[in-house]
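Engineer: Here are the chains, one letter per residue:
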Amino acid sequence: MASSGIGSLLDRLTDRPAQAARRGARGAIIPKHRAMIQLAWTPRRAARAVVLALAGFLAVVAGLPVIGRLWGRLLGWLVPAIGGPAELGWHTVDVGTVLRIGVPYPLFQGPWPEPRHWVVVGGATVLTLLVSFLVPARFLPARYFLRFVAAVQAVSLGYFAFASPPFPYPLPGYIAGLLTAGMAVLALVPVALGFGFYIFDHSLPRQLALTAMIVGHLAVLLPLQGLLHAYLTARLSLLVQPPLFFIFGLLVEVVVFVGLYGWAMSWEGQEIPEVGASPETYR
Amino acid sequence: MSEPLAVALLLLGTLGWVALPLLPAVLELVRPTDVDPLVMVGRDNADISRFARHFREYAMANLTRLPSEALRGDYFGKLADGTHFVRVARLTHVLERGALPDGSHDRVVILEHPTELRGHERFRLEVWAKAAFHGGPAATYRAVLGETGVRLGARSTVLRWVHATGVLDVMPECRLFGRVSSEREIRLGDGVEFQRMGAPAVIVGQGTPPSALPAMSPAASYAVMDEPERSRRLGDHLRVETDWYLPPHTLVEGHLVVAGRLHVSPGVRIRGSVKAHGPLEVDQGAIIEGSVVSRDGIRLGAGCAVGGPVIAEGTIEIGSGTSVGTLVTPTTVTGRRVRLAPGVVVCGHIVTEEGGVTAA
Amino acid sequence: MTPRDVVALALWVVVAILVIYTIRHYIFTLNRVFGRHRQPYVDIGVADWPVVAVFVPCHNEERVIAGMLEALLASDYPAHRYHIVPIDDRSTDRTRAIIEDFATRYPGRVRPHLRDEGKPGKAAALLDATSRSDAEIFLVFDADYLPGPNLLRQLVAPFLDPEVGATMGRVVPHNLNRTLLTRLLDLERSGGYQVDQQARMNLDLIPQYGGTVGGVRRTALLDVGNWDDDSLAEDTDMTYRLILRGWRVVYQNRSECYEEVPETWPTRIRQIQRWARGHNQCFRRYGFRLLRFPSHLRVGQVLDGVLLLGVFAVAPVLLLGWALATALYFMGYPVHQGIIVLFAVASYATLGNFAAFFEVATAARLDGSRNRIRLLPFLALGFLVNLLAISRATLSRRSWLKVGPGGPRWEKTERYRPGNGPRNGPPSADAGGPR
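One line per chain: the protein sequences are A, B and C, in this order.
Using the working numbering, you'd call the opening residue of the first sequence number 1 and step up by one each time.
Using the working numbering, you'd call the opening residue of the second sequence number 1 and step up by one each time.
Using the working numbering, you'd call the opening residue of the third sequence number 1 and step up by one each time.
Hints were generated in silico from the structure; no laboratory data involved.
Fair warning: there could be bad hints in the mix.
Simulated pairs of lysine to any residue, SDA-like, Cα-Cα distance not exceeding 25 Å [to be verified]: (1) B:Lys130 - B:Glu116; (2) C:Lys119 - C:Arg270; (3) A:Lys32 - B:Glu57; (4) A:Lys32 - C:Glu188; (5) A:Lys32 - B:Val35; (6) A:Lys32 - C:Arg370; (7) A:Lys32 - C:Arg36; (8) B:Lys130 - B:Ala89; (9) B:Lys78 - B:Ala89; (10) A:Lys32 - B:Arg336; (11) B:Lys78 - A:Arg23; (12) A:Lys32 - C:Gly35; (13) B:Lys78 - B:Ala59; (14) B:Lys130 - B:Arg72; (15) A:Lys32 - C:Tyr26; (16) A:Lys32 - A:Gly269; (17) A:Lys32 - B:Arg50; (18) B:Lys130 - B:His120; (19) A:Lys32 - C:Gly192; (20) B:Lys78 - B:Ala131; (21) C:Lys119 - C:Asn60; (22) A:Lys32 - B:Glu353; (23) A:Lys32 - B:His54; (24) B:Lys130 - B:Pro200; (25) A:Lys32 - C:Ser75; (26) B:Lys78 - B:Asn62; (27) A:Lys32 - C:Leu30.
Here are the in silico distance ranges between beta carbons for each label pair [stated by the list, open to error]: (28) A:Val135 - B:Ala8: 23 to 33 Å; (29) B:Leu15 - A:Gly216: 15 to 25 Å; (30) A:Val50 - C:Gly300: 23 to 33 Å; (31) B:Asp296 - A:Ala18: 24 to 34 Å.
Note that this is a predicted model, so its numbers are computed, not measured.
Where is the CB? At the ideal position from N, CA and C, for every residue including glycine.
Sequences and hints are given; from them, build the entire structure.
Structural biologist: What follows is the structure, given as structure tokens:
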């Protein structure tokens with residue numbers, strides 16, 4: 001029998017029969033079949049998505065100078081620890097006349113490949129290719145991925161075999177570009193979520209939580225990633241910069257975004273019920 | 001800190017940080033929590049009396065396990081799953097609100113004998129009437145299963161379903177949410193709101209369900225349809241690329257599809273199905289042997305007869321004295337909204353997305 | 001114009017193509033979630049049902065055919081209005097014996113069509129069976145499918161509309177607990193049907209008849225020239241011929257049917273390469289005819305039709321994008337701050353196209369089975385394999401040239417269900433509520 005709480009709920013709903021008609025004997029909402037489920041596009045939903053996206057964008061942009069300074073401190077501590085020059089470079093981005101963002105970057109130099117670099121990087125490329133053949137068929141994507149990495153690295157080897165200095169993208173400028181693009185990505189996160197997340201039925205705290213998680217994660221990741229790129233290029237020469245750029249550049253940020261987004265999309269919402277595994281039966 | 005150690009920490013820290021957002025994915029892969037196939041629905045909305053049948057099976061299975069005193073007199077008890085019920089064999093006043101501490105309206109109600117209620121009751125759980133049931137006005141039911149005839153008093157509300165083995169008589173201005181079905185006939189008063197109904201015959205006010213479509217008049221009494229300029233034959237239908245108007249007393253052999261609006265004049269007979277992408281209007285006395293379909297709305301005038309389903313993505317209005325389907329070949333009326341005039345007879349199902357109403 | 005400018009221009013063209021597909025994904029997804037939902041025929045429960053023949057083309061299906069036939073025999077479609085036609089095409093295993101056993105036990109209801117000669121392949125088998133059937137509607141199921149009791153009625157209901165030439169239901173994997181691949185395919189299928197197909201239906205574009213869990217009207221089939229036994233993808237081919245002629249294809253999201261998805265990557269690669277070749281063949285056959293904008297089709301329908309035809313050609317375009325971005329990178333373009341632009345372009349042109357993830361996540365969320373969405377990042381692995389497999393198929397001769405002397409053949413997807421006894425599929429449940 002319905003508990004008194006549910007009983008009074010049903011009593012109240014009896015005055016609103018259209019709502020009561022969608023409730024089961026124990027008060028639970030009877031879900032629609034998944035083929036029919038939709039969300040209502042209401043002005044409130046639209047406004048919330050737009051406001052959140054816009055406010056998030058502005059908040060992140062406003063916070064970029066602070067993020068830049070924090071990156072400066074982090075890199076200022078980490079770069080000497082891994083044997084780099086203590087001084088950092090600063091790339092300045094002006095957002096109109098209202099905001100000046102300083103993007104710090106390590107001043108590692110990427111050497112033109114020397115014979116020892118060819119041996120190490122070439123050997124690693126061949127090894128990657130060989131390992132890809134040992135990967136069992138059930139891990140086929142890993143096999144393909146390794147070959148893809150090897151292929152991009154091989155193209156780089158081919159380029160440097162024929163090219164002569166200077167390389168169009170000196171290492172410091174490349175890192176500055178990566179981190180500046182990263183800052184743009186940070187600002188665009190709320191905008192992307194405006195299209196793909198804020199329109200759903202998650203509660204406001206959950207919407208804010210995902211935004212904070214992605215922005216927070218990427219804000220930490222980007223300087224670490226930039227530093228790692230710089231260190232590897234400084235040690236292994238410009239030979240490795242192309243695969244780092246193509247495969248381990250902003251694609252890593254995309255993977256992080258999708259990972260957290262996928263998790264958040266699995267969170268409970270306020271309108272779409274979990275119905276897959278619990279069909280209604282009589283009582 | 002030595003440089004190699006710092007580099008190793010940087011490398012591992014970065015990799016670990018990148019891997020962190022992938023943790024939910026990895027956990028779902030290695031320890032799946034959602035790996036069952038989507039549960040398939042074995043039956044669908046077309047089975048309108050499904051809930052009633054399931055309730056009967058559920059209640060019967062539970063009642064067989066009750067003590068013998070439950071089968072005598074009025075009995076308040078619990079079904080095996082804990083649901084409270086009352087079996088009424090003598091005094092229907094036990095159903096009145098306040099007669100018991102918890103109010104019998106909180107229970108499944110099983111009525112053993114013919115029952116007539118005063119009205120204004122609220123039944124939170126199902127009512128199972130094993131004999132004739134006459135509800136009073138302005139009552140609210142969650143669901144009603146009648147093993148013979150059921151009459152719902154004026155301005156009553158049914159929240160989930162009502163099913164009668166015999167005739168289901170619905171008095172004016174009732175609101176019927178969910179499924180409404182009868183194994184014989186549903187009779188609807190004025191101003192009844194509904195969502196989905198099914199019976200061998202659904203009659204608004206007075207009417208007689210037909211056993212067959214009206215016989216065809218002699219061929220000579222019909223005009224031959226002129227095929228419009230912008231039309232072509234596709235398989236078994238004629239496709240007209242413009243709005244189209246069928247003059248009175250035209251005979252159309254085969255199916256007709258119109259890319260615009262379609263107006264069917266009085267006395268037309270279509271010996272197939274008809275579809276319009278725009279609004280479809282059928283005037284008084286026209287007969288369509290097959291389906292009537294519109295991407296927009298459909299208005300069937302008075303005294304028409306349709307043999308097949310009436311399918312619209314907009315509103316369907318059916319005029320007085322019009323019949324859809326026959327007792328031998330029941331069919332379906334399905335649209336976003338449905339409006340039925342007095343004297344309409346539908347043999348089969350009426351299914352609406354946003355609701356239907358009977359209205360003069 | 002320098003060579004660098006030419007490469008840059010080509011890359012921007014590639015990006016433009018990807019942007020078009022991105023917008024398409026977003027439109028479909030937003031429409032599915034918020035747009036007006038169209039399933040006008042799904043509530044037809046009673047009618048004067050037409051006579052139906054259910055074709056089940058088989059080639060070495062001993063593991064699954066019995067389950068399929070049992071499921072079809074349990075249908076709630078009026079028994080005197082349908083019969084089942086298992087079409088055995090040169091099976092070398094026990095398929096034929098199982099079919100004949102069913103025919104003996106269910107005379108008149110199971111009417112086998114046994115082929116030992118003629119062209120091999122599904123389209124040829126269907127062509128053959130069609131010519132020997134007098135049914136009004138032909139439903140087609142692959143042998144590994146497990147239709148529920150109400151499915152035939154749901155798939156036939158749209159044919160009560162005289163304009164409908166073909167219908168298509170939703171395919172739901174039931175062996176998703178097997179491998180990472182099956183789980184990824186479950187997500188992909190969800191996106192493809194729950195969002196993509198239903199949005200096309202909502203927007204009155206071109207839902208695709210998928211060759212299984214669907215059907216064709218006899219008169220429409222004959223009107224467009226019957227099955228084409230030279231076609232590598234008889235389903236897509238049929239969709240376009242019907243649409244170009246003026247018939248409608250209807251997708252019914254509610255009409256669900258279990259299928260077995262590939263459990264191993266090689267099987268999946270063969271499957272998707274087959275689809276790619278067939279699709280590209282249709283691109284060659286119908287792409288330009290569509291672009292003549294037939295008067296009975298709206299601009300939106302033409303564009304959707306062309307984009308659908310081109311969907312398998314996007315993979316090599318994406319690969320080209322990578323190659324161009326690489327070339328441009330080494331050419332040093334553009335020097336001043338251009339690295340940032342290049343970052344964005346290269347990332348977008350690879351996996352940065354978030355729209356596909358958005359579509360899949362939305363579909364799974366609508367399905368109400370949420371935890372599986374957590375696997376979303378692994379979809380990138382599936383995309384990588386698809387990309388290379390489809391590109392290889394697309395660049396093959398069979399995709400673009402006329403079918404060679406060998407013609408189409410049976411390209412069978414491996415089956416995994418154990419045994420050939422009664423159906424081993426997942427349990428059905430009585431679910432739902434109103435709508």
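Engineer: Hints first: check each against the structure and report whether it holds.
Structural biologist: Consistency of the hints with the structure:
With a C-alpha separation of about 13 Å, the suggested pairing of Lys130 (chain B) with Glu116 (chain B) holds against the 25 Å cut-off. Restraint check for Lys119 (chain C) and Arg270 (chain C): satisfied, since their Cα atoms lie roughly 21 Å apart, inside the 25 Å limit. Our distance criterion of 25 Å between C-alpha atoms is met by Lys32 (chain A) and Glu57 (chain B), whose separation comes to about 24 Å. For the suggested pair Lys32 (chain A) and Glu188 (chain C), the alpha carbons sit about 23 Å apart, so the restraint of at most 25 Å is met.
In summary, the hint linking Lys32 (chain A) to Val35 (chain B) is supported, as the alpha carbons are separated by about 22 Å, within the 25 Å threshold. A hinted pair counts as satisfied when its Cα atoms are at most 25 Å apart, and Lys32 (chain A) with Arg370 (chain C) qualifies at roughly 16 Å. Our distance criterion of 25 Å between C-alpha atoms is met by Lys32 (chain A) and Arg36 (chain C), whose separation comes to about 16 Å. At roughly 10 Å between alpha-carbon atoms, Lys130 (chain B) and Ala89 (chain B) fall within 25 Å of each other, so this suggested pair holds.
Only pairs whose Cα atoms come within 25 Å are accepted, and Lys78 (chain B) paired with Ala89 (chain B) is accepted, the gap being roughly 17 Å. Only pairs whose Cα atoms come within 25 Å are accepted, and Lys32 (chain A) paired with Arg336 (chain B) is accepted, the gap being roughly 17 Å. As the CA atoms of Lys78 (chain B) and Arg23 (chain A) are separated by approximately 22 Å, the hinted pair is consistent with the 25 Å bound. Restraint check for Lys32 (chain A) and Gly35 (chain C): the C-alpha separation of about 16 Å stays at or below 25 Å, so the hint holds.
For the given pair, Lys78 (chain B) sits about 11 Å from Ala59 (chain B) by alpha-carbon distance, which is consistent with the 25 Å threshold. A hinted pair counts as satisfied when its Cα atoms are at most 25 Å apart, and Lys130 (chain B) with Arg72 (chain B) qualifies at roughly 15 Å. Between the alpha carbons of Lys32 (chain A) and Tyr26 (chain C) the distance comes to roughly 24 Å, so the proposed pair stays at or under 25 Å and holds. Distance check on the hinted pair: Lys32 (chain A) and Gly269 (chain A) sit about 15 Å apart at the alpha-carbon level, within 25 Å; holds.
A threshold of 25 Å between alpha carbons decides the hint, and for Lys32 (chain A) with Arg50 (chain B) the separation of about 16 Å falls inside it, so the pair holds. Restraint check for Lys130 (chain B) and His120 (chain B): the C-alpha separation of about 21 Å stays at or below 25 Å, so the hint holds. Annotation: proposed proximity of Lys32 (chain A) to Gly192 (chain C) holds, straight-line Cα distance about 20 Å (limit 25 Å). About 22 Å separates the Cα atoms of Lys78 (chain B) and Ala131 (chain B), which keeps this hinted pair within 25 Å; it holds.
At roughly 16 Å between alpha-carbon atoms, Lys119 (chain C) and Asn60 (chain C) fall within 25 Å of each other, so this suggested pair holds. This hinted pair checks out: Lys32 (chain A) and Glu353 (chain B) have alpha carbons roughly 12 Å apart, not beyond 25 Å. Under the criterion of a C-alpha separation no larger than 25 Å, the hint pairing Lys32 (chain A) with His54 (chain B) is consistent with the structure, at around 19 Å. For the given pair, Lys130 (chain B) sits about 21 Å from Pro200 (chain B) by alpha-carbon distance, which is consistent with the 25 Å threshold.
Using a Cα cut-off of 25 Å, the hinted pair Lys32 (chain A) and Ser75 (chain C) holds, with the two alpha carbons roughly 24 Å apart. Note on Lys78 (chain B) and Asn62 (chain B): the hinted pairing holds, with a Cα-Cα distance of about 9 Å set against a maximum of 25 Å. A threshold of 25 Å between alpha carbons decides the hint, and for Lys32 (chain A) with Leu30 (chain C) the separation of about 19 Å falls inside it, so the pair holds. Checked against the hint of 23 to 33 Å, the C-beta distance between Val135 (chain A) and Ala8 (chain B) comes to roughly 25 Å, which is consistent with it.
A beta carbon spacing of about 18 Å between Leu15 (chain B) and Gly216 (chain A) agrees with the range 15 to 25 Å that was offered as a hint. A C-beta distance of roughly 26 Å is found between Val50 (chain A) and Gly300 (chain C), which places it inside the suggested range of 23 to 33 Å. Distance hint for Asp296 (chain B) and Ala18 (chain A): a CB-CB separation of about 26 Å, consistent with the stated range 24 to 34 Å.
Comparing the model with each numbered hint stated earlier shows that all of them hold.
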